[in-house]
Amino acid sequence: MQTKGFWLAGVLVVLLLAAVPDTSRGISVPDMITLNTQSKLYEPFKFDHAKHIQLTKECSNCHHHTTGTLVQEPNCVRCHRNSSETKVVSCRGCHQADPFTAVAIKERDPKIYHNDMPSLKAAMHRNCITCHEKMKGPTGCQDCHKRSKEGDALYNSGAYTPKNKPAKGEHGGH
Amino acid sequence: MKRRDFLKGCLIGGAAASLGAPSKSWAVGSFEGYPDAMGVLVDTTRCIGCRSCEAACNKEQKLPEPDVPFDDTSVFKEKRRTTEKAYTVVNRYEANDGQKPPYRKMQCMHCNEPGCLTSCFVNAYTKTKEGAVIYNGNVCVGCKTCMVACPFNIPAYSYSSAFDPLVKKCIFCYHTRLKFGKPPACVEICPQEALTFGLRSDLIKLGHERIRQTPDRYVDHIYGEKEMGGTSWLYLSRVPADQIGLDTTIGNEPVISNVKDFLGMVPMVLTIWPALFSGIHLLATRNKDHGDDHHNHSEQEGDKK
Ligand code: SF4
Ligand code: SF4
Ligand code: SF4
Chain Z
1 MQTKGFWLAG VLVVLLLAAV PDTSRGISVP DMITLNTQSK LYEPFKFDHA
51 KHIQLTKECS NCHHHTTGTL VQEPNCVRCH RNSSETKVVS CRGCHQADPF
101 TAVAIKERDP KIYHNDMPSL KAAMHRNCIT CHEKMKGPTG CQDCHKRSKE
151 GDALYNSGAY TPKNKPAKGE HGGH
Chain H
1001 MKRRDFLKGC LIGGAAASLG APSKSWAVGS FEGYPDAMGV LVDTTRCIGC
1051 RSCEAACNKE QKLPEPDVPF DDTSVFKEKR RTTEKAYTVV NRYEANDGQK
1101 PPYRKMQCMH CNEPGCLTSC FVNAYTKTKE GAVIYNGNVC VGCKTCMVAC
1151 PFNIPAYSYS SAFDPLVKKC IFCYHTRLKF GKPPACVEIC PQEALTFGLR
1201 SDLIKLGHER IRQTPDRYVD HIYGEKEMGG TSWLYLSRVP ADQIGLDTTI
1251 GNEPVISNVK DFLGMVPMVL TIWPALFSGI HLLATRNKDH GDDHHNHSEQ
1301 EGDKK
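These protein sequences, in sequence, are chains Z and H. All residue numbers for the first sequence refer to my numbering, where the first residue is 1 and numbers rise by one. All residue numbers for the second sequence refer to my numbering, where the first residue is 1001 and numbers rise by one.
In case anyone wonders, no lab produced these hints; they're calculated from the structure. No experiment lies behind these values; they were computed from the predicted model shown. This list has only true hints and no planted wrong ones.
From the structure, some residues in chain H lie toward chain Z, with a derived Cβ separation under 10 Å: (1) GLU1065; (2) PHE1070; (3) PRO1191; (4) PHE1197.
Each residue gets a CB set at the ideal place from its N, CA and C atoms; glycine is no exception.
Model the full assembly from the supplied sequences, consistent with the hints where possible.
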């Protein structure tokens, strides 16, 4: 990656579902998946896949057109009404870790579809947080992944909390 | 560079004209920006107010330690503005549609026709072909004219030394990232991809496409597509722009042709001009290289790749 050696390199790059087999093909699905293995700012964490399957029941709630019920998004239906499940089930099978490289931007064609696909990190955060807000699940950053020391430094938090706190209400704009 | 000279000529000529009868005869606003200009589409419907972008900017631009941690949400009690210590701030707004409060990240808009640039006497500002509006701190005399000229209230000043007053604002991470085709630090860290980096022309199409595909999610307007002659940073919103602190009264004409704002500037011009006149030429020629500001670390980082 171009950003190699840079402090932000691979920040929060989330690896997901290395090879989740398709339920509909009768192969077992993983109960636990370790996410966030590439991040520097947050620690990796165990995602309880089994618990989420129980809670949502329908695979397509998360794995949109890849497994479970047929495509429902009105915009997708226009082309994919009768499309069968795609072979790719994992998020990272389609969602790029780094969608803003010079090459990716050059290849972006606003005239075709699937050109506004969120990055892997964003796809996961948006999927998880949106549903957690609805279902009253946890939504704080550290509710899912604990911040690393490096993360504390970036956010000036934890051991890196600013020492000279001004009087209340004085922070921010003047 | 000819264009800038032209704009400046207009401004100075306009000063004389507007002291007499205000005239809009020099009105421009036809400049569509550089064809390869980059931009950022800020989709406020995706922002969760995590302030990660503020933290990333602070480190990338080597800004001073903040007063409170970047994960402290008590800052949302007030509406903050960008300062010399914070090139970007996220504010929370109260929407009147009963849904959860929207957040908006603010920073320099990187205007196609920047008011800061056209108003600067010493040519401290440059609009790069990548779309960034950067400045040369070496020639800035701290006159604050750009602060008055900016329709978005962005430039701030650091007076750490009385002899080195320095304008400070978001530079689109030009020296460390944009120049090398890389997205800004704030874009890279955003967990929600509320910030989409790309060619400005693509982002406008993308924005309209998002509105078309999910019309319930957005007001049918991209703020910055036309405002002030167009800006490189663009906003999508669920609620009308004025409800998230964006000025909807500024119109689509760039500052150069905005007589009202300009008249407000004239007294300052007249006050400071004589005092600075003798020094300006010296300052303007001290460093011919407009593209670089004086931070040495910028170059080092550039070399690191
Ligand atoms: S927002 Fe203000 S500081 Fe930024 S380019 Fe426009 S006029 Fe200049
Ligand atoms: S583009 Fe760079 S300088 Fe501007 S707000 Fe983002 S991180 Fe800060
Ligand atoms: S990092 Fe993204 S989601 Fe977080 S406050 Fe900034 S723009 Fe909003």
